[in-house]
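Trainee: Given these sequences and hints, build the entire structure.
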Amino acid sequence: MNDFPKSQVLNPSRKTSSSLIGKAMDYHPESSVIKGILVVEHDNELRQGLVEALGSGGYDCCGAPSVRGARTLLWSGGIDLVICDIALPDMDGLRFMVSVKDELPDLDFIIMTSPEGDYVDSEIVDAGAADYLAKPIKPDAVIARVRRIERDRRKVLDLGRTNRELSVAMEGLKESSRAKGDFLARMSHEIRTPLSSIMGYTDILFDTCLAPEQTDYVTNIKKSCDVLLGIVNDVLDFSRVESGEIGLDPIEFDPEVLCFECLEMVRTQVDTSRVELLCRICDCVPGCVRADPNRFRQVLLNLLGNAAKFTVNGVIELSLKVKEKTKTGIVLCASVRDTGSGIPTAALGVIFKPFQQVVRGRIAKGLRGMGLGLSICRKIARRMGGNITVESREGEGSVFTFSSRVEPVEKQNIVQIQPVKPAGLRVLLVVSTLAFGAMVSRELKAAGLVVDLVLNSRDALSPFDGTHLAAACHDVGLIDLKGGEHPRGMVAKIRRLTLACPELPLIACANPGPGVAEIFQQAGFDGFLPKPVQPRKLVAMIAGVLGMTVNQSVGMGSRVTTTKLITTHLLAEQAKRSAAILLVDDNPVNQRMATIMLSKAGYKVTSADNGRQTLELCRSSKERFDLILMDIFMPEMDGFETTRQIRALEGDSGVRVPIVAFTANVLPLFKERCLVAGMDDFLTKPFRREDIFAAVKKWVV
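For the sequence shown, our numbering assigns the number 14 to the initial residue and increments by one for each residue that follows.
Not one of these hints is a red herring.
Below, computed lysine to any residue pairings styled on SDA-like, alpha-carbon distance capped at 20 Å: (1) K334 <-> N400; (2) K235 <-> D247; (3) K193 <-> N246; (4) K613 <-> R701.
In case anyone wonders, no lab produced these hints; they're calculated from the structure.
The structure displayed is predicted, hence computed values, not measured ones.
Mentor: Here it is as structure tokens:
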């Protein structure tokens with residue numbers, strides 16, 4: 014027998030002295046998340062007892078003796094919980110539950126079982142029941158189960174409400190972040206446009222005849238522009254890093270070429286007469302990898318720039334090697350070593366934190382910024398699957414190590430260093446530092462050359478192996494001129510040292526500068542190789558001075574005589590004379606600035622104010638343009654539409670003019686829009702003179 018009074022009529026408001034009903038009345042139904050309960054039980058007495066007890070507790074209860082009646086009540090609505098017998102006359106209770114939950118997944122079930130039932134408890138729960146009760150049923154057990162399900166439901170509802178509130182708050186934060194990012198991007202754009210003109214005209218002003226006092230003023234203007242540009246870049250990058258919007262644009266590039274480009278860009282920041290710039294590329298580094306070269310370059314330039322700030326004597330060395338190989342790629346490891354002032358041990362833990370600056374000795378006085386560079390670079394490195402670490406000792410220098418995960422490109426069409434023929438050419442290498450000598454010797458020997466290394470001291474030239482070089486016959490001499498000695502005097506020294514080769518061709522290796530090539534030619538040198546030395550240019554220079562190509566066999570005594578100094582720029586200068594550039598910019602100040610820059614460099618420049626003029630020139634010009642520099646935001650027709658129409662004009666002709674966008678917008682999505690429109694590259698305002706020259710050299714020269 015069940016513990017319920019016999020009753021044929023449900024009366025939820027009926028008073029009772031039962032302790033169960035008393036406790037039920039203490040419950041506040043307005044706080045309940047279960048309003049309607051359906052009891053499905055073929056035993057009339059048990060069904061009526063459950064309906065009465067739950068009704069007294071404040072629930073709207075109804076009952077059904079079979080599945081058919083239960084379905085009718087369910088589809089009428091208002092039911093939140095079903096208490097169902099497992100053995101019903103027209104269907105198994107568990108099967109009924111499963112069929113209902115397919116259509117009403119949020120409906121909860123309590124299954125009533127009998128000792129002789131066909132299911133074990135775990136099967137009932139696994140089928141989807143919220144709970145189960147074993148017969149005979151006790152009233153307080155039913156109430157307890159309902160209360161527990163209510164509590165669980167309330168938690169779910171509260172959690173859902175909290176999640177919705179969090180979603181709203183998160184969307185608000187995202188909107189705030191987007192607004193902040195848009196504001197910074199707009200401000201960056203507005204600052205970059207006039208700054209581009211200031212920096213450009215400052216570079217042009219340097220080429221004019223200036224008095225010493227004027228030169229000092231212009232130099233300070235240029236330094237201030239560089240600081241301002243660095244701050245603008247850092248603030249925008251930091252905002253994008255913090256909001257997680259900084260992305261990577263993986264493409265194929267040569268890491269060795271990138272390293273030398275970075276050194277070349279930093280060269281102007283150091284006193285090259287006192288600081289040696291070196292670059293070591295391990296043979297195991299692939300000639301072509303897939304990663305984001307712009308981010309890779311950004312990190313290297315930051316580390317090299319810091320080294321340049323704090324090094325007044327000694328060496329700044331960039332080395333690149335493979336740290337790790339995996340199935341999916343490799344980890345490249347770039348180290349920047351300097352012999353600067355070093356970092357105090359106590360400061361090593363804070364240099365990567367935002368807005369933190371460490372003054373490294375007296376050298377750092379007057380050097381100020383936002384203190385964001387290293388913080389941003391470390392985040393970028395980690396985004397690239399690597400990291401940045403530092404080792405330093407105050408007074409001795411620092412080593413910053415940057416690692417990045419890249420994907421090697423298998424089928425490479427990379428020009429490798431080829432042995433100069435005939436094999437066994439003998440090179441006299443005169444160096445000012447052992448570090449430079451070791452690096453160049455390694456590259457020359459890799460190219461199949463025999464090297465005699467000589468150290469240029471203040472007093473004399475000293476062969477390393479102690480041999481008397483006057484009796485040796487060399488094919489070419491490579492002379493490191495670090496400064497402090499006149500080139501003509503160095504030539505005289507070399508001639509005395511190489512008596513057996515009175516007409517030995519000599520190549521000067523020195524830092525580039527105004528008029529240095531002419532000085533070396535007048536001193537008697539046959540070639541000039543600028544620092545930092547790239548292996549490919551080194552071998553090509555030796556071959557050029559000897560009057561042969563890298564792969565050409567030239568016998569002794571067949572050297573071609575020339576009165577012109579062979580330089581790495583000789584071929585590039587020839588290309589400039591025939592290069593036609595179309596410059597498109599609606600800003601007359603910026604247009605004139607870029608035109609002057611390019612014209613002074615030897616390029617033929619045609620300008621246009623907007624997209625329509627550009628299309629007319631492309632259609633009517635008798636001369637084909639070799640490069641188009643395209644502004645984006647212009648009246649009448651913007652750069653995107655202009656580019657699309659140019660590509661349509663080209664059609665299937667097989668002729669595709671490189672188009673380089675230059676704009677003050679630096680957001681990644683904007684760059685993607687440029688590439689999708691058909692542009693080939695992207696130059697950010699404000700650009701330095703060397704930036705625009707590098708872009709032209711990449712696509713034309």
